[in-house]
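*Asks:* Residues per chain, in single letters:
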Amino acid sequence: MNGLESEKRLLQEARELLNAGVENLDPPTERRLREIRIRALQAAQEQRPGFLSPRRWVMAGSFAAAALAAVFFLWTSPSPDPLPKTGQVEDLEILTSQERIDFYQNLDFYRWLEKKGAGPGKNGNPS
Amino acid sequence: MDSGLDHKEPLNRFLAEVEGRAFQMARFATRNRDEALDLAQEAMFQFVRRYAARPAEEWRVLFYRVLRSRINDWHRRTLVRRRVLAWLGRAEDEEDPEDALQALPDRQNPDPSEGMLRKEQRKALEMAIRALPRRQQQAFLLRAWEEMDLKQTAFVMGCSEGSVKTHYSRAVHTLRGVLEGKKP
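Chains as they are written, first to last, in the numbering used here: chain W, 4 to 130; chain Y, 23 to 206.
Be careful, since some hints might not be right.
Quick list of in silico lysine to aspartate or glutamate cross-link-like pairs, DMTMM-like style, CA-CA up to 25 Å [unchecked claim]:
#, chain 1, residue 1, chain 2, residue 2
1, W, 11, Y, 148
2, W, 11, Y, 39
3, Y, 173, Y, 79
4, Y, 145, W, 29
Rather than coming from a laboratory, the hints here were simulated on the basis of the structure.
Chain W on its own, in the form it takes in the complex:
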């Protein structure tokens, strides 16, 4: 007999012995297992209401009403502060701009130039 057959036979024997263990459970244990099974099935039945059960309709209706109220509230209420303050926009523009940083460092100089009538060019160079 090769190793594979030997293992098959061994496992078959193990299965038979294990099955015999289940078949020979004592009556109180069998009874208890049966009770557990029946209670589990009853619990499953109780917790699974039908699709059109009143409870399910109430839950779905409540959810829909809450969602509608939320949409209505958001739609009708005025936005308290729709845009950030100007200063924040300016800061953001400065931070994200591709302009050379020395342009901003010399801002006072360009303001002075502007008062004189000659503004800076696109890259910060006086035109």
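Go by the hints and put chain Y onto chain W.
*Replies:* Same frame as chain W, but now just chain Y:
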């Protein structure tokens, strides 16, 4: 008693088929009848609550996955409890001393002499399975007893197929000695 559950008959039949095995698996893991009954109960309730609506061909692996999860939780709880008890200097929980079930007559086999031999073999095998490390025990019971393939066993155990192979072959190696040594 089951008359009110006729429409649940497939689920009832499935649970009736696995309840004894589930109890035995839990008993191998816990070495305690009452703990095993509690675990079988938790597994059955959780299974029907979560998976009863799934296709019947999926039930077996899902049920044993739930049971395996309950057994692992039990191991974690027991470990914590033992550490606390050890810290408090108290004794640990008792295990089932000598399995009272083994003393019952074998209903399948009326020949007392043959029954005795089979009973001894069974006792030796069950003791050897109880002594296996947890993962080896699970791999052996799922592969050899439940005849699950590698993929199913890996799903139930929540590990890789390679890991199942390793645990299973180690378990078979250990149990081979027990079964061959106890042959009449």
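*Asks:* So, for every hint listed, does it hold in this structure?
*Replies:* Comparing the hints with the structure gives:
{"no.": "1", "hint": "W/11 x Y/148", "result": "holds, 19 Å"}
{"no.": "2", "hint": "W/11 x Y/39", "result": "holds, 24 Å"}
{"no.": "3", "hint": "Y/173 x Y/79", "result": "holds, 15 Å"}
{"no.": "4", "hint": "Y/145 x W/29", "result": "holds, 15 Å"}
This entry satisfies every hint, going by the numbered hints stated previously.
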